[in-house]
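Enquirer: Letter by letter, the chains look like this.
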Amino acid sequence: MSILVKSLVFRYEGERFELAIDDLSVEAQQPTAIIGPSGSGKSTLLRLIAGVLRPVDGSVNVLGETVSEMTDTQARAFRIQNIGLVFQEFELVDYLNARDNILLPYRISGELTLDNPARQRVDQLAEATGITNLLDSRPTKLSQGERQRVAICRALVTHPRLVLADEPTGSLDPDNQTRIVELLRDTAVQAGAGLVMVTHDHDLLGYFDRVIDLPSIKKAHA
Amino acid sequence: MNLAGPLYLGWNHLWQHRWRSLLITLTVTLGLSLPAGIWLGVDLAETHLRDRAQSTPLLLGSNGSPLELVFNGLYFSEPGIERMKLRDAKEASPDGLASSIAIYARYQAQGHPVVGTTIDYFEFRDLRLAEGHAFTRLGDCVIGSSVATEFGLAPGDSLVTTPERVFDLTGVYPLKMRITGTLAHTGTPDDRAIFTDLKTTWTIEGLAHGHHDARQLDGVVLKQDDNNTAINASIVEYNEVTNENIHSFHFHGDMHDFPITSAIIVPNSTKSQTILMGRYVGETRTLQLIRPDKHMANLFDTVFRVRMWVAVMLAAVALSSFLIVTMVLLLSNRLRTSEFMSLRVIGASPGVIRFLVLFEAGSILAGSIALTLIILVTFSLLTPSILAWIA
Numbered sequence: 066m067s068i069l070v071k072s073l074v075f076r077y078e079g080e081r082f083e084l085a086i087d088d089l090s091v092e093a094q095q096p097t098a099i100i101g102p103s104g105s106g107k108s109t110l111l112r113l114i115a116g117v118l119r120p121v122d123g124s125v126n127v128l129g130e131t132v133s134e135m136t137d138t139q140a141r142a143f144r145i146q147n148i149g150l151v152f153q154e155f156e157l158v159d160y161l162n163a164r165d166n167i168l169l170p171y172r173i174s175g176e177l178t179l180d181n182p183a184r185q186r187v188d189q190l191a192e193a194t195g196i197t198n199l200l201d202s203r204p205t206k207l208s209q210g211e212r213q214r215v216a217i218c219r220a221l222v223t224h225p226r227l228v229l230a231d232e233p234t235g236s237l238d239p240d241n242q243t244r245i246v247e248l249l250r251d252t253a254v255q256a257g258a259g260l261v262m263v264t265h266d267h268d269l270l271g272y273f274d275r276v277i278d279l280p281s282i283k284k285a286h287a
Numbered sequence: 002m003n004l005a006g007p008l009y010l011g012w013n014h015l016w017q018h019r020w021r022s023l024l025i026t027l028t029v030t031l032g033l034s035l036p037a038g039i040w041l042g043v044d045l046a047e048t049h050l051r052d053r054a055q056s057t058p059l060l061l062g063s064n065g066s067p068l069e070l071v072f073n074g075l076y077f078s079e080p081g082i083e084r085m086k087l088r089d090a091k092e093a094s095p096d097g098l099a100s101s102i103a104i105y106a107r108y109q110a111q112g113h114p115v116v117g118t119t120i121d122y123f124e125f126r127d128l129r130l131a132e133g134h135a136f137t138r139l140g141d142c143v144i145g146s147s148v149a150t151e152f153g154l155a156p157g158d159s160l161v162t163t164p165e166r167v168f169d170l171t172g173v174y175p176l177k178m179r180i181t182g183t184l185a186h187t188g189t190p191d192d193r194a195i196f197t198d199l200k201t202t203w204t205i206e207g208l209a210h211g212h213h214d215a216r217q218l219d220g221v222v223l224k225q226d227d228n229n230t231a232i233n234a235s236i237v238e239y240n241e242v243t244n245e246n247i248h249s250f251h252f253h254g255d256m257h258d259f260p261i262t263s264a265i266i267v268p269n270s271t272k273s274q275t276i277l278m279g280r281y282v283g284e285t286r287t288l289q290l291i292r293p294d295k296h297m298a299n300l301f302d303t304v305f306r307v308r309m310w311v312a313v314m315l316a317a318v319a320l321s322s323f324l325i326v327t328m329v330l331l332l333s334n335r336l337r338t339s340e341f342m343s344l345r346v347i348g349a350s351p352g353v354i355r356f357l358v359l360f361e362a363g364s365i366l367a368g369s370i371a372l373t374l375i376i377l378v379t380f381s382l383l384t385p386s387i388l389a390w391i392a
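Chains as they are written, first to last, in the numbering used here: chain G, 66 to 287; chain S, 2 to 392.
Looking at chain S on its own, in the form it has when it is part of the complex (with noise of 0.2 Å):
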């Protein structure tokens, strides 16, 4: 059979009708995209998320919810968690049996979260500056390379952290932060973190500050005692960090009782971390520790149960998809008899028109999954990315 015709007509019928082709190829591509889509997605979302929690051994945080805790913890999201002391990681930690990273995740700026935490979480997350250096003094920040990216960031610009409510006058004042370094990619939250140190955070609060020195200017104070100085509202408060006025800042109170969301503890040994658990384990405790993996775990037999019947139904829907354009190729083979049987009158075998008509619905079906295969690639490549944007 010469099989050059054929094709040669069957490419030039989805040609004339291409619209009506791409129509075809599309509804099939959606049918198949989407079930494929969904499974792959969680898949992926599975491997990301399971990653991240996987290489944190143990979370410290206040009781409640231990998802939120996880999400604050690792992906530096609900920032409104119930917070706990500086003082709880400490003690969490005692000598030989773990070593304690506190973060502080609840403020923002331009969008992206401000954690607040130490130089061992950079060492812990094998973090890499890709420009500049860590922040070595109150007011600085390192940015992830998303923030970097996004706004067009370097060494040297500086950050504004947005107010958590814009019209409470007693609220949280913006700090202008100075971006001393930014991270290399890494496909995780961090990149689209501000890091910056505790006490920096803690300035964010309002927890320290720094103004004029009070006794140097007339008139400003209203009251002095042994313990208190009362200043009336004259005098400024810095809201930008700088060498010139970096003395000025101070904190008020000790700073072990001063805040954080969470605590990530690294025990020395399974044995430690044995030890540790026992310790958390109680109704009367104020303070939650957890295996982050555990709960992620938890979290995605749940995901798993609905994407298997997500996935079912969008099968169904996909299936309905695909007997719908059966029956569309069906009526449109119908309204070609005659054109067959011309073919057929003038010399064409039945071979040749059971080719062309193959052909051409399995060109529509090849296209479709050639364009389901782009679909699936190029989504598992903007996985890490979009997890990374929406955790």
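Chain G on its own, in the form it takes in the complex (with noise of 0.2 Å):
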């Protein structure tokens, strides 16, 4: 299994909301979507799958490791890797343009080298996500689809085995969910990488192989 959940307890400091999951296992080479209302934890499960979040009990297996006991160090080291990121806010970085962007794995991790493959990969994704003439474009200066694209790009740049998605749609108008869905999923499928995305919205379940109803697998409150 890609990613496997046991026996999770998490809580955030100083308040009362809690995961709690018994048992979960996702097979990421199946475009798998997590559901559920908002505040019931799905972006803390997934910053949890990820390793910037640490469980209080339990673990979390991604990719044969066991995220949940390592360090941060470690987790980064991990993460920057294995796992590609894709926010809701697409949490773009306004003073680069859209290909410094896409590159900005390799600019502030020390694991990863800003080679001539890696600027490569950026035509090449640029190109799959159709953003070619973008690319030297600041963020301020795109749509909130052409934005979400370049997102996309960034969380596939570094060949990850698995993408996590935390609510991409969740800003934009109806036809580009869509169109954002379908792409970060053909891109995920034809680059290699499972694909996890939480969203709310359940016109876009039929995109994905696996749907996780979240309030369903969790534990019931003590």
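These are calculated hints, taken from the structure and not from any lab test.
For clarity, every value in this text was computed on a predicted model and none was experimentally measured.
Yeah, the Cβ is synthetic: ideal placement off N, Cα and C, and Gly gets one too.
It is possible that part of the hints are untrue.
The calculated lysine to any residue pairs, modelled on SDA-like cross-linking and capped at a C-alpha distance of 25 Å, are [said to hold, decoys possible]:
(1) G:Lys-206 to S:His-134
(2) S:Lys-91 to S:Asn-13
(3) G:Lys-206 to S:Gly-112
(4) S:Lys-295 to S:Arg-308
(5) G:Lys-206 to S:Lys-200
(6) G:Lys-206 to S:Met-342
(7) S:Lys-295 to S:Ala-209
(8) G:Lys-206 to S:Lys-295
(9) G:Lys-71 to S:Thr-338
(10) G:Lys-206 to S:Arg-21
(11) G:Lys-206 to S:Leu-45
(12) S:Lys-200 to S:Gly-112
(13) G:Lys-206 to S:Asn-13
(14) G:Lys-206 to S:Glu-69
(15) G:Lys-206 to S:Trp-16
(16) G:Lys-206 to S:Arg-335
(17) S:Lys-200 to S:Glu-69
Pairwise CB distance ranges (calculated) [as the list claims (entries may be wrong)]:
(18) G:Glu-80 to S:Leu-324: 33 to 39 Å
(19) S:Thr-327 to G:Arg-81: 23 to 29 Å
(20) S:Trp-16 to G:Asp-238: 32 to 38 Å
Cβ-to-Cβ under 8 Å is the rule here; a few derived chain S residues that face chain G [said to hold, decoys possible]:
(21) Asn-3
(22) Gly-6
(23) Tyr-9
(24) Ser-146
(25) Thr-150
(26) Leu-154
(27) Ser-333
(28) Leu-336
(29) Thr-338
(30) Glu-340
(31) Gly-348
With the hints in hand, could you dock these two chains into one complex?
Expert: Below you can see the structure in the form of structure tokens.
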């Protein structure tokens, strides 16, 4: 299994929120959607899988590595080498152009080397997502849909084995939503990466091979 | 840690927000350069002014403000100070004790002081001619390097003195002076002075004049006796000394009674200096003999005290500017929390984020320090010219 969650318990310090999952396994090669209402813990689960958050109890195993037991440094290295992330608000750096935003993982990480193949990869992804002519533009000059395409390219530029997308269509209009989900799924599949996407939009579920309803797998609050 | 990435990001952030970066840099530069500039400026001014004062052993002048006397004798300003007689300067330098160099710095030409003196002044100040020769005739002048540069003047050109009061018909008339030489640059007030013989300055004052020979003209002599000749207004008085009319110029009165504003006294020894100083002690004396360096030191003691307070106040202003800039940078970074969070989630270590923030702040500080140094170096290079111009 690509993702294996066992006896997970997570709480934010000082808050009443708790995410508790007994058992969850995801085969990432199957594009998977995690659904649930706002506040149900979808994004939290994604961050636990990415190793950004640590559970209070239980374990999270991703691509054969127990990320829940990694140190921050180990988790960061694991993440940068194996996981691509797409955020709801795109989180592009406004003072860099689209090309530099896509190359951001190479610029900020000591684990990756910014070489010619990486630069060529940017061109390939830009062509695949239809933003070749926008690579020199800054995010402020791009539409919402174009920004999300840049964010997808950034998530895939490091050849990740797994792409985690946190409601990437949340701020898009319905036309763009379906277009972006299709693009994300197809690009991830073409790149050989697994895809796990969090959404609360049931209209998009048809694009995924597997749908996980988070409230149904959560343990009831004690 | 790979530093190329954060450097690239930091540089892009500064460049994309270049006007804000520039504004902050200029604010810090102003905060640094103002107190430092005042401190340096006063130091340079002190060195510059004290050098000239120290190279002038004694200065003689009429009773009054010693500082005004210093500024007239050394910097040719304060033209309105009480005058003394040439005789006083001669008496202050009896044989064997000292020598004297008279200075009459009262008039101006084109905004520059006309300094009546003797050739000894050039030797005393070690002034060298860049072009031409010293004044040899009544109406000749030698100009300082700044005067030559400012007006594009050279030997053979002429300069007209400025009347003291334009609408005073009985006052001093302008005299057209012939330039015979230009002095080499010295970085002192001599650069912006116009040097003439004392007799020429007395001519400017009207104590000497030249005109047509009344005895050869019909109907101009109104009254004549053994001592005086009264003539009517048709007689032409010369406003320029030429080879043709120089013989008609004459002085009325004893030159030893003619005015000067100060005299540089050069004692032959320390003992001579002490003896001379002693002669000018006492309330009944109408003249004062002073040591310029002592009075400049007193002046600078006051300036230093004022500088200290000004510097402290400016340093407080600089500190508040610095705190405001720090607050701006902190608020700016707070606005970038989401960006930093994203960078961390994508894979940046806390060290990379810290380096990025420090690089940006450090670049602004480094830019400000570099600008401040450029300003201070430029300021220190220009200070002698500024001081020569001010004085």
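Enquirer: Next step is simple, just say for each hint if it's right about the structure.
Expert: Tested hints:
no. : hint                              : verdict
1   : G:Lys-206 to S:His-134            : violated, 72 Å
2   : S:Lys-91 to S:Asn-13              : violated, 75 Å
3   : G:Lys-206 to S:Gly-112            : violated, 60 Å
4   : S:Lys-295 to S:Arg-308            : holds, 19 Å
5   : G:Lys-206 to S:Lys-200            : violated, 80 Å
6   : G:Lys-206 to S:Met-342            : holds, 23 Å
7   : S:Lys-295 to S:Ala-209            : violated, 37 Å
8   : G:Lys-206 to S:Lys-295            : violated, 70 Å
9   : G:Lys-71 to S:Thr-338             : violated, 32 Å
10  : G:Lys-206 to S:Arg-21             : holds, 20 Å
11  : G:Lys-206 to S:Leu-45             : violated, 53 Å
12  : S:Lys-200 to S:Gly-112            : holds, 21 Å
13  : G:Lys-206 to S:Asn-13             : holds, 17 Å
14  : G:Lys-206 to S:Glu-69             : violated, 68 Å
15  : G:Lys-206 to S:Trp-16             : holds, 17 Å
16  : G:Lys-206 to S:Arg-335            : holds, 24 Å
17  : S:Lys-200 to S:Glu-69             : holds, 24 Å
18  : G:Glu-80 to S:Leu-324: 33 to 39 Å : holds, 35 Å
19  : S:Thr-327 to G:Arg-81: 23 to 29 Å : violated, 38 Å
20  : S:Trp-16 to G:Asp-238: 32 to 38 Å : holds, 33 Å
21  : Asn-3                             : holds, 4 Å
22  : Gly-6                             : holds, 4 Å
23  : Tyr-9                             : holds, 6 Å
24  : Ser-146                           : violated, 52 Å
25  : Thr-150                           : violated, 49 Å
26  : Leu-154                           : violated, 57 Å
27  : Ser-333                           : violated, 12 Å
28  : Leu-336                           : violated, 11 Å
29  : Thr-338                           : violated, 12 Å
30  : Glu-340                           : holds, 6 Å
31  : Gly-348                           : holds, 3 Å
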